[in-house]
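Undergrad: With chain A fixed as given, assemble chains B, C, D and E with the ligands onto it according to the hints.
Residue numbers (the working numbering), protein chains in the order written: chain A, 450 to 694; chain B, 560 to 887; chain C, 472 to 847; chain D, 8 to 372; chain E, 137 to 389.
Simulated from the structure, these hints should not be mistaken for lab results. Possibly wrong hints are sitting among the right ones.
[Said to hold, decoys possible] Over the 10 Å line for every Cβ pair with chain D, so calculated as not near, a few chain C residues:
| id | residue |
| --- | --- |
| 1 | S476 |
| 2 | E748 |
| 3 | G789 |
| 4 | F823 |
| 5 | V827 |
[As the list claims (entries may be wrong)] Here are the simulated lysine-lysine pairs, BS3-like style, with alpha carbons at most 30 Å apart:
| id | chain 1 | residue 1 | chain 2 | residue 2 |
| --- | --- | --- | --- | --- |
| 6 | C | K642 | B | K860 |
| 7 | C | K782 | C | K590 |
| 8 | B | K762 | A | K588 |
| 9 | C | K773 | C | K519 |
| 10 | C | K773 | C | K750 |
| 11 | C | K782 | C | K734 |
| 12 | E | K188 | A | K547 |
| 13 | A | K505 | D | K358 |
[To be verified] Computed footprint of chain D on chain E, listed as stretches where at least three residues anywhere in the stretch have a Cβ under 8 Å from a Cβ of chain D:
| id | stretch |
| --- | --- |
| 14 | 196-209 |
| 15 | 217-224 |
| 16 | 242-248 |
Glycine included, C-beta positions come from ideal geometry on N, C-alpha and C.
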Amino acid sequence: MSEPLLKLEGVHTHIGAYHILHGVDLAVPANELTMLLGRNGAGKTTTLRTIMGLWKASQGRITLAGQDITARATPDIAQSGVAYVPENMGIFSDLSVKENMLLAARGARTLDDVDTKRLEWIFDMFPAMKKFWLHPAGKLSGGQKQMLAVSRAIVEPRQLLLIDEPSKGLAPAIIQNMIAAFKALKAAQTTILLVEQNFNFARQLGDHVAVMDDGRVVHSGAMAELAEDTALQARLLGLSLGAHQ
Amino acid sequence: MSFLKDFDWRPVALVPLLAALALPAVGSPSTWLTLTVAGLAMGLIVFIIASGLTLVFGLMDVLNFGHGVFIALGAFVAVSVFGGLNAYAIADSFWLNLVALVPAMLAAMAVAGALGLVFERVIVRPVYGQHLKQILITMGGMIIGEELIKVIWGPGQLALPLPETLRGSFLIGDASIEKYRLLAVAVGLTVFAAMVWTLNRTKVGLLIRAGVQDREMVESLGYRIHRLFVGVFVAGSALAGLGGVMWGLYQQTVLPQMGAQVNVLIFIVIIIGGLGSTLGALVGALLVGLMANYTGFLAPKVALFSNIALMVAILLWRPQGVYPVANR
Amino acid sequence: QSSKSEIRIAHIHSKTGPLEAYAKQTHTGLMMGLKYATGGTMMVGGKKIVVIEKDDQGKPDVGKSLLAAAYADDKADIAIGPTASPVALAMLPVAEEYRKILLVEPAVADSITGDKWNKYIFRTGRNSSQDAAANAVALDAPNNVIGVLANDNAFGRDAVKASKDFTKKAKIVHEEYLPVGTTDFTAGLLRLVDKLKDQPGNKYISVVWSGAPTPFAKIAEMELDKRYGIKLATGGNILPAMVAYKQFPGMEGALYYYFGIPKNPINEHMVAEHYREFKQPPDFFTAGGFSAAMAVVTALKKTNGDTNTDKLIQTMEGMSFDTPKGTMTFRKEDHQAMQSMYHFRIKADPAFAWGVPELVREIKPEDMNIPIRNKR
Amino acid sequence: MLSRLLSHDLPRSRPLAVLLALLVLGLAFAPFLFPGVKALNVAAKVLIFIALVVSFDLLLGYTGIVSFAHTMFFGIGAYGIAISATALGPTWWALIVGALGALLLSLLLSLLIGLFSLRVRAIFFAMITLAVASAFLTLASQLSDITGGEDGLTFRLPELLSPGFALMEDDFQGPFGPVALNGRFITYYLLFVCVTAMFLVMLRIVNSPFGRVLQAIRENDFRAEALGYRTVVYRTLSNVIAASFATLAGCLLALWLRYNGPDTSLSFEIMLDILLIVVIGGMGTLYGAIIGSVVFLVAQSYLQDLLRWAGALTEGVPLLPALLTPDRWLLWLGLLFVLSVYHFPTGVVGKLRERASLKGTKEGA
Amino acid sequence: MLQTSNLTVRFGGHVAVNAVSCAFEPGTLTAIVGPNGAGKTTYFNLISGQIKATAGSVTLDGRELTKLPAPLRTRAGLGRAFQLTNLFPQLSVRENVRMAVQARAGAGLDFFRVWSDRKDLIEQADRILETVALIDKAEARAASLPHGDQRKLEVGILMALDPKVYMFDEPTAGMSVDEVPVILNLIRQLKQDRSKTILLVEHKMDVVRELSDRIIVLHNGELVADGEPESVIASPVVQQAYLGVNPEEAVAA
Ligand SMILES: Nc1ncnc2c1ncn2[C@@H]1O[C@H](COP(=O)(O)OP(=O)(O)OP(=O)(O)O)[C@@H](O)[C@H]1O
Ligand SMILES: Nc1ncnc2c1ncn2[C@@H]1O[C@H](COP(=O)(O)OP(=O)(O)OP(=O)(O)O)[C@@H](O)[C@H]1O
Ligand SMILES: [Mg+2]
Ligand SMILES: [Mg+2]
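This is chain A alone, in the form it adopts within the complex:
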């Protein structure tokens, strides 16, 4: 296993008076896809937000490509090549789809500066983006907003993607497209940390997996291992696969 691109060591996070993360240890290997699983309230979103600097870790260390980013400001972290798709999608609903994308393309002054191939690739994957290009993003359907949120994260190459539940609300066909896209991104040297509830989706994609419970990582290892071991799944995820695909 290659040297991890992102590493969390004993990270604690408080939100106001509440202690949410209780010492998260997590290593995200470069150029691979790590799934972060766990039940509601386990602290997955909080972990991503802490990495992004949106919550401040009260203890512990976060390193990105060897550099300590624990105390850095969010824009700095983003500028060192991290893109984030938040759970609530963070769509700028007053802006058009195009303007949303333009802002995500940090290096571009106008859209002419954006790599057209990459745009075409995104349009192929999410045709709705092209169709509603000039529409206010707030008027998109739930799934289309989700597509926009993911599109924004990949409009320019980044070294690390933090993605919070991208599959929710998406039709199966689109999920398939997205799986293909993540695979392509991986091939293009992008590291991905993905929070997911849809285990089926997770299983198809993940190289590695970490499972959280109650503000800690309670299991981490290769995806293949977890995918095989139904007993482990049941223990960690409460998953009785019979009920699901």
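TA: Positioned in the frame of chain A, the structure of chains B, C, D and E with the ligands alone reads:
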């Protein structure tokens, strides 16, 4: 060009429409011309003082009730600069007058901008996103600012006479066009062009609008929204300072309360314009300027309410102003 | 009740608010006047004069409560003030309730000594009628055609009403009322021009305006004199406001006070003292404050320091006293101080920032037939 | 019993309860505790502002509507009394007619404004009310035949309420000085009773199921609609109730001052004062109105005295006297605006309650 | 019976829902599927009155609802849970549900009683919190709940309204796998009460397959298929446009 095709001309057309409707009502063409030019120029001055507020209130969504203090400050700084450069101001050459005028404008913008920086840090920063507190705290800031102006320059009115060559009028037949108003038109259009360029040709405008909706997300995209907001606030304050110079010269007297006096007026302008739209603010300001002059001539009593009636009428037509920018 | 060793005078004025600058002048004048009148001792009839300063902020309700508090809590014997007419009008009944004297200075509304008057009210300041009468003297000639531009409020309308009473020979062809705070005077002026420009005779726009912004600059910018031969006429004002007059050399009108005009020892003293202390000349309202002080001290000297209200009223009715503007007399009927006004002509003197009013003639009280408007 | 009276909405913090009790007792016995015309004036103004601020809190704190037209209703109330007392003379009938007339006008206007509020969004609504309020102010000063214009109206009240009326020949000798038992004294207690009643009624309204819906609408009006609440109706009702209470407060103001003018009841300054009081006290708490009104009005009334004293102390220090003169009291008032927004983000009531609940959780743990 | 006939809405040039006519019987659960942007949520919005139809009508038990605003439709018996969570964020979890209970009880315009005197409403709210397994968090602010719990609360609010027609818009999206059964059981219970009409938008085909009596498919705003679950899922339009499966693969599966 698709830009032209998609462009919504109707609000802009209101301006000539209003002028055209006024012609038969006013009767005499020369009076009408005088009123119209005065109204348009007045509109542009109002636009200059309101332009900073479109940035701060319209785009940044900071209900800045203290904007007026930058206007007053700009005007008072101009009084001081003029005092120092009096020889140039009273010289009988346009260029020498400019030697007094330009530094006065720059100084006013610099001082107002600097105060804007302090204002943003101390007053506005803790209350981003909280309208009510913004109203109170900026109002408090305005009171403090106004009192400090009184401490420095005294509580009374001061004279700010026009530079020599800007006095008087050009006469076209029976109509008169004050020279100063032409200068106001030039400055106003320059400010307008500069703002349109910055907001539409760069990402600044987008970023501010996005930042107001979701600061965290903008930061997550890698932008230092904070610096941007500070910058915009300072720019808005500096524009107010410039507006103060223009307004002060227009009145030829300055008062510590002059900022508070125009508060409601500039709010009306940017509300009509649609909160954050530069073009909207321009249209709003021109409409207000024209309306004030026409009703002032036709029915002075009505003039008292003309701005408000105008605003209500516009909002009944377009509940979010003529060029809505944000869904607020 | 007034056997104390102090005479307490409450000065209630708009120390803060839009009229702050006026109020300051009044207070300076009052203090200078008290000092002058008592020969620097601040004592009358063996009693010390104590001035209690109160700030009505230009608000009638505040003024009203302050006056009550001054009489009741601070045991003031006499109150002086306020700056603004609405405040004064709200105060009048309080003086009556507490049966104490209120010496009005410098609020001008006619009704203070007119229909709202009660016997406890005296006024050293000029009233609107006096202003109007004086200006009429300056402007009321057979061949003159006048358009009036005034504030659209009680002050403006009062003044215009009064000036119509005094304009006998000239013709007033139009009255234009504009709200205080008008920012663009173009429309109003055009209406006036429309009415005036085709009239025969000497055409004037007579301006009665208080508050900023003022219309003077606009009248100059529109070059009405050059284009239509329409001249500006207006009364006096505070010095910063007279800066705009510089653009109208030769303009005539009547004013209440300008430091260079009255020639008497009191004025000379006041001007010298003021220059010494503030490095600038006294202004419009300084003279008013000074006059009020002179009135109070003169009365107290006559009663030998007795502050009994009835006695004071008796003393003050018909009393004459010296002021920077010469001798004034409280008219018995309405307690208005009758005083001189000054017909002036503006000269542009590069040594001064403002247009300098030069005396044409002193208008004596007897030259103005100021009506008695109260219902005594 | 007390809890019922307070609609089970108790202070929920011991220090707060003590503070409130002190203030209420202080107001109840103000004529005896703080003799003197000025002190009584301040106390009466506090009472009037409590009623006014409480009504505004219903709009702002509970319904989430930012309106700048609240002083308009306050002014209507004050003008109602002033105009009818001027026109009909100093009779009780005049007062009743004036109050009813004012209420009726307020009702109509608030209905109109309430309905209009649905067409436009929050900020636009706020700005429109600002404009409408300033138009109303202009109107009041223009209609000088009715309203007395900028001079306002000074009028007389029925004998019982006028200063000349004496309950007893001699002053009552209180422990802190003589108290004149005159018409002013009676008027003060009339105010006290009215304001107490208004406060309790408002407390009941905000704690009723209706009040709860208002809070839900403030949070998420779209959701409230989807639950079957017609936000139009609720918002409008809230507007109407707030306006009526403000009108009544205006009537009380006129009774106390026996004067009314545009600046006295309609100015934007008063609107700001109300806002600040709501924020100092704590939005959406009602109790905040009591604390905020006392703090603010006492500060406003005595700030100049304080500054005179401070200015005398610092004489000789450069610059300070220029800032510490009573003439610059507004500077310090502005500072009060800024600091109270800084330090009491949830108001005094909110702060005390937070502290109490933190203590509660700690003790519980 | 809930019926839409010819229901249409146009946004500018874009027809989001195009002449959809359909009837839903009490006691049945109809799943609505379709690609993203097909118009499912918009269809719900039209039924519950959040947006106004350009054409067509909505009737419930023969009563015409098309002209009614949203709150009145809710009172008429249409209940709705939202796709993007839509709560009273600063109110407590219990208060969120109690608001719904109070709405159902029609007690909103009661000015003079104290809210806590209506103990019955509070108890009812608590019962519902128990069924959605949120009773432990009754005092928490809704905004502080993790996403999954917010989804549960959204469903709880709908339950509290106890409408004739339940409209669920992706109730399980973002809910963790072990919590999903809680919601599914709730829906099953509703089905057992034969009087309720249930509409369900859901992208998880296993859930759809398990719960639904009938599936309708929206595509580009049009109703393109309607019928038994198995046959609809097997139809080529669903396989291709929705599930993104090649026909050959589908046969193989
Ligand atoms: N703003 C907040 N204030 C208080 N507590 C919070 C806040 N945000 C989250 N929490 C708490 O933090 C814990 C972890 O939440 P988090 O959102 O990280 O969970 P999650 O694993 O992402 O869950 P889900 O799968 O439902 O999204 C939860 O118990 C939640 O209640
Ligand atoms: N208010 C609106 N204005 C303009 N277009 C809208 C509006 N609401 C929805 N649309 C458009 O209508 C189409 C249907 O949207 P809808 O939300 O109904 O889709 P959906 O079927 O629910 O999709 P998803 O599965 O992604 O939630 C979308 O293309 C959307 O962009
Ligand atoms: Mg989460
Ligand atoms: Mg949807």
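Undergrad: Does each hint hold? Answer for all of them.
TA: Hint by hint, here is what the structure shows:
1. S476: holds (22 Å)
2. E748: holds (17 Å)
3. G789: Non-interface label on G789 (chain C) holds, nearest chain D Cβ at 28 Å vs cutoff 10 Å.
4. F823: Non-interface label stands for F823 (chain C): nearest chain D Cβ at 28 Å, farther than 10 Å.
5. V827: The claim stands: V827 (chain C) keeps its Cβ more than 10 Å from every Cβ of chain D (closest is about 30 Å).
6. C:K642 with B:K860: With a Cα-Cα distance of about 25 Å, the restraint between K642 (chain C) and K860 (chain B) holds, given a limit of 30 Å.
7. C:K782 with C:K590: holds (12 Å)
8. B:K762 with A:K588: The given pair, whose Cα atoms are some 22 Å apart, holds under the 30 Å limit.
9. C:K773 with C:K519: Holds - the C-alpha atoms of K519 (chain C) and K773 (chain C) are around 16 Å apart, at most 30 Å.
10. C:K773 with C:K750: Measuring from Cα to Cα gives roughly 35 Å; hence the hint is violated.
11. C:K782 with C:K734: The hint is violated at about 33 Å.
12. E:K188 with A:K547: holds (28 Å)
13. A:K505 with D:K358: The hint holds at about 25 Å.
14. 196-209: holds (count 4)
15. 217-224: This one holds; 4 residues, not fewer than the three required, reach chain D with a Cβ under 8 Å.
16. 242-248: n = 6 at 8 Å, threshold three: holds.
In this structure, the hints that do not hold are numbers 10, 11, in rising order.
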